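Engineer: Could you build the full structure based on these sequences and the hints that come with them?
882 is the number of the first residue of the sequence shown in our numbering; add one for each residue after it.
Hint data in this document are derived by calculation from the structure and do not stem from the laboratory.
Treat the numbers as computed from the prediction; the structure is a model and nothing was measured.
By construction, the Cβ of each residue, glycine as well, lies at the ideal position given by its N, Cα and C atoms.
What follows is a list of derived Cβ distance ranges for each label pair:
#1 Asp-911 with Gly-1067: 21 to 27 angstroms
#2 Asp-1044 with Gly-1081: 37 to 43 angstroms
#3 Glu-1120 with Arg-1043: 17 to 23 angstroms
#4 Ala-920 with Ile-979: 29 to 35 angstroms
#5 Asp-897 with Gly-981: 19 to 25 angstroms
#6 Leu-1055 with Glu-959: 19 to 25 angstroms
#7 Met-1045 with Ser-1132: 18 to 24 angstroms
#8 Pro-950 with Gly-999: 25 to 31 angstroms
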Amino acid sequence: MDIDAFNDLTKWPSPDSYRNAQPFPHAVIDGFLRPEIAAELAATFPAPSADCWYRYANPLERKLACNLPGKVPSQIWETLTMFNSVKCRQLFSDLTGIEGLEADHDFHGGGMHCIEPGGKLDVHVDYSIHPHLGLERRLNLILYLNPSWDQSWGGELQLWDRDMKGCVQQIAPLFNRAVIFDTGEGSFHGHPDALRCPVGQTRKSLAVYYLTDPRPEAIKRYRARFVARPGDSMDPQLEELRRLRSGLATSANVYRVSEKSE
882 MDIDAFNDLT KWPSPDSYRN AQPFPHAVID GFLRPEIAAE LAATFPAPSA
932 DCWYRYANPL ERKLACNLPG KVPSQIWETL TMFNSVKCRQ LFSDLTGIEG
982 LEADHDFHGG GMHCIEPGGK LDVHVDYSIH PHLGLERRLN LILYLNPSWD
1032 QSWGGELQLW DRDMKGCVQQ IAPLFNRAVI FDTGEGSFHG HPDALRCPVG
1082 QTRKSLAVYY LTDPRPEAIK RYRARFVARP GDSMDPQLEE LRRLRSGLAT
1132 SANVYRVSEK SE
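Structural biologist: In structure tokens, the structure reads:
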């Protein structure tokens, strides 16, 4: 698979449009892949009952994730690998203005994501330094694979301002829609409201993250930092969970804290 898998590069936004997007640089591209390729990816996406998934179950996040080459279906793995190719990275550099994008071939934190009814991912900023490669995370690509998505089910990707005073954009996870955005200290995002889809439906996506050599001003943070929205609970236990979730040595201990208490 090569960049001819993309549907129509002429419909991508301009670099100026990307850089000037609010609340931080981003682009929403509908019809991202050729329709037959996107349909095949959706059809081969594993059900929540498949044995490939790692389950996150805590008050900050309820989701399924898989980035293992032996577990990801071959068609999906081929697509993820294509997104990491030199040609694709150059396309994304041309769009975003970020030079020297490097691939994470292990898809740390990325790969396939699946959200079941009631699932969510609280607002956060991503890790800044890759815990294994030592490179700075600069760019996210998310591709949604949800045919016939009903927007009453929720699941919108929310983009918040850097002061966490308001949600500026809400992006529905529509089929074959890609979202590309800068990551940094002000790129607060998530889908923090519990998913309202019926049993048997899920919110399916692929995620690929791109890296560069660390900039001098890069904050050294090796895990995501979750934050409360205005009006969210400031319960001390929840605040402690946010602190533990952001620590390199403590985050894995709380991935499944809900399961331990149930």
